[in-house]
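Engineer: Sequence:
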Amino acid sequence: MCKFILINSTINLYSANQAILKQFMRKDVYMKDLKKHLLSIALSLTLVFSAIPVATVHADDNSPLPGAGTTAVSKTPDGWNDLRAALSMLLGFTFESEEEAKAEYEKLTRLDGDILLGTDTQHNEIKTVNINDTMDFTGTLNVDVIKKAVGMITPGVGAFAKLDGVSSQFMAEFVIPDGMIYSKELTKDNVKLKNAQDIFEVTDVKVEGQKVTVMMEFVDPVLKKAKKENKPYIVKDLNNALNKVEGQLEVTIPGVKFDKTKVKVGDVLTVKGTLSGNYKMEKLVTAHYDPRMRTLRDEYLKDPSKIDKFKNIMPAEYREYQTQVKKLSEAVEDLQKLADEVKALRDEFNKFVADNKEVIDRYLNNDPYDKTLDENYSDEKNFEFPTGEPFKMMTERLYNRAYQHDGHSDVDYGNKAANKPAKAYSLYGEINLLSNNIAKVPKLYKYWSRNISDEQKAKDKPVIDKLEEMLKRAREFGSTDKGRLYELSMREFEARNSIVETYIDGFALQELLTNPQYGGIRYDNVGASEYSMMFMGWDAVQSEAGRDSVLENDANADKKAIQLTLKVTDDKVKTPGATKNKKTKKAPETGDITNLPLYASVILLAAGSVIALSVIKRRKVR
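Mapping to this note's numbering: the sequence shown position 416 is 489, numbers consecutive.
If you are wondering where the hints come from, they were derived from the structure by calculation, not from laboratory data. Glycine residues also receive a C-beta, built at the ideal position from the N, C-alpha and C atoms. Errors might be hidden in some of the hints.
[Unchecked claim] Below are the EDC-like pairs computed for lysine to aspartate or glutamate, each with C-alpha atoms no more than 16 Å apart in a straight line:
# : residue 1 : residue 2
1 : K416      : E448
2 : K297      : D237
3 : K257      : E290
[Stated by the list, open to error] Using C-beta positions, here's what the derived DEER-type ranges look like:
#  : residue 1 : residue 2 : range
4  : E528      : K555      : 35 to 41 Å
5  : K516      : A176      : 40 to 46 Å
6  : R557      : R392      : 26 to 32 Å
7  : E274      : K632      : 16 to 22 Å
8  : G339      : A176      : 38 to 44 Å
9  : A176      : K333      : 18 to 24 Å
10 : R392      : K304      : 48 to 54 Å
11 : P535      : S378      : 43 to 49 Å
12 : D644      : P388      : 51 to 57 Å
13 : E528      : P494      : 55 to 61 Å
14 : Q395      : Y520      : 51 to 57 Å
15 : D538      : E617      : 49 to 55 Å
16 : K555      : N197      : 39 to 45 Å
The whole structure should be built from the sequences, with the hints applied where relevant.
Structural biologist: Below is the structure:
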């Protein structure tokens, strides 16, 4: 999530991080983070000016994208800010093409749903079910898109922003056809919810004829505790709760049977369903942070061992911190290896030029513009990386342009007239100059060798071939976004950026919040912003992988309909999700001799008992 962009919190945080902001503005790699900040600003504007249209990513105002809002639970209430408008605007910033933005918008405003018989999606064929079986139907809802959408529409508020009146609901409706019945009374105790991890629970089950409606509510224990203790429930708490929920919620309706007075073997029946959900908060208040947060962060940067005390206080954040430190270390090691390779190739090239000076000079002398090579020697320290210092940028100058913090450009092209050679100030610049130097003579060989005979060129070709082989290696180093340098530098940047975000959103702020010597975090109008009545809803469509075989094979069918079709049979083969009715023994009827041996045994046993008691009694009398 992008942090602290809303107007007042921006002032508080980024006044402490001017250098970082300057870096954002100067470097290509930082454009990713700069884009995030722009997205956050867009969200703020959207929430302030709720009239911003959703049509931002629409190809045509007359054909809006399918989105949430068709059912009561997913329909935006009157007077609330529809967060789909914010999502639309954010996606408009994120994607370069309108088509990509439109496709992503549809993904994030529609859920994948399905109806299963037991665990069978019925995708490949219509399954048969014995007329005497009892069936369990399961509705599935993929909620990964909800996590992603909520993560996008709450970016500019910071991990410690307070959420008042936060809630979330999911609703599943099953409609069984005429010919099926619910064999038991359905309640919230026997309608099972799976994969919710105690974050959601079934709160209401209502049966109306053939339709059963199941309501599921957000019941995060952390939220309950915050209400009980009158403490703030914050964005970080919400994210933690959503991350606990597995990707697919499952709600199971048990005990459905065939009504044998209305169906017969061979009948085909279809179960239909709708699935929807929402997320809402009555008010969001950004945090007013103690200005000493910058000092704390700097202390942590100098002494990472301070973080050890958070092993138990913030275990999830601590694990993430350790993961990113490891990734950072690995990226730096790989960059060191790359730098060593670049230096080795540079040394190899320089030696090759010296050993083949006659051939090299022959072609350089035919250059009408420049008859020399660049002397692109970087300082040797530029090929040395620090170890054991994960929070220090990689030396003063050994960066690609993404890490150019010293005010220098990547390359100083010198002044040959003043005998000042070209010089690289970064690994990026070194690769560029080295590639240019290696490529120069092969280019002259091809284009500027009119004064050289074909015979001489043929003799020189082995030298040219060797240079071209070196050039291929140099280009693999990558001074573009397709090269190794770019990939490694992005790994390094992302790990370092995640570590800094952990400081800001975790350790340093936790210290401010819990340590009495600090002012902590306040939710007032001084340095904080408030936004109210925010809502986002989702409706489900049939998942591609689980589409009913009837819909799959019908070109005219509504492929988004959530349904399941089955065929009634008297086949005794076990059907997934179905259970056979247990047979009960009938009471014997008149003339029925089924249990005659049993009755005879009982009579004999009773007679024997009577005789034994009589004998015992007589002996006592004597």
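Engineer: Next step is simple, just say for each hint if it's right about the structure.
Structural biologist: The hints, checked one at a time:
1. For the given pair, K416 sits about 14 Å from E448 by alpha-carbon distance, which is consistent with the 16 Å threshold.
2. Proximity of K297 to D237 is assessed by CA-CA distance (about 12 Å); at most 16 Å being required, the pair is judged to hold.
3. Distance check on the hinted pair: K257 and E290 sit about 24 Å apart at the alpha-carbon level, beyond 16 Å; violated.
4. Checking the proposed 35 to 41 Å range against E528 and K555 shows it holds: the Cβ atoms sit about 39 Å from each other.
5. Restraint check, K516 to A176: a C-beta distance of roughly 43 Å satisfies the suggested window 40 to 46 Å.
6. The hinted range of 26 to 32 Å is satisfied by R557 and R392, whose Cβ atoms lie roughly 29 Å apart.
7. Between E274 and K632 the beta carbons are some 32 Å apart, a value that contradicts the proposed interval 16 to 22 Å.
8. Remark: the range hint 38 to 44 Å for G339 to A176 is upheld by a beta-carbon distance near 43 Å.
9. Taking 18 to 24 Å as the suggested C-beta distance range, the pair A176 and K333 does not conform, at roughly 48 Å.
10. In this structure the supplied range 48 to 54 Å is violated for R392 paired with K304, their Cβ-Cβ distance being about 24 Å.
11. For P535 and S378, the Cβ-Cβ distance of about 58 Å falls outside the hinted range of 43 to 49 Å, so the restraint is violated.
12. The hint said 51 to 57 Å for the Cβ distance between D644 and P388, and at roughly 53 Å that hint holds.
13. At roughly 35 Å, the beta carbons of E528 and P494 sit outside the given window of 55 to 61 Å.
14. Between Q395 and Y520 the CB atoms are about 55 Å apart, so this pair conforms to the stated range of 51 to 57 Å.
15. Taking the beta carbon of each, D538 and E617 are about 52 Å apart, inside 49 to 55 Å as hinted.
16. The hint said 39 to 45 Å for the Cβ distance between K555 and N197, and at roughly 42 Å that hint holds.
In this structure, the earlier hints numbered 3, 7, 9, 10, 11, 13 are contradicted, and the remaining ones agree with it.
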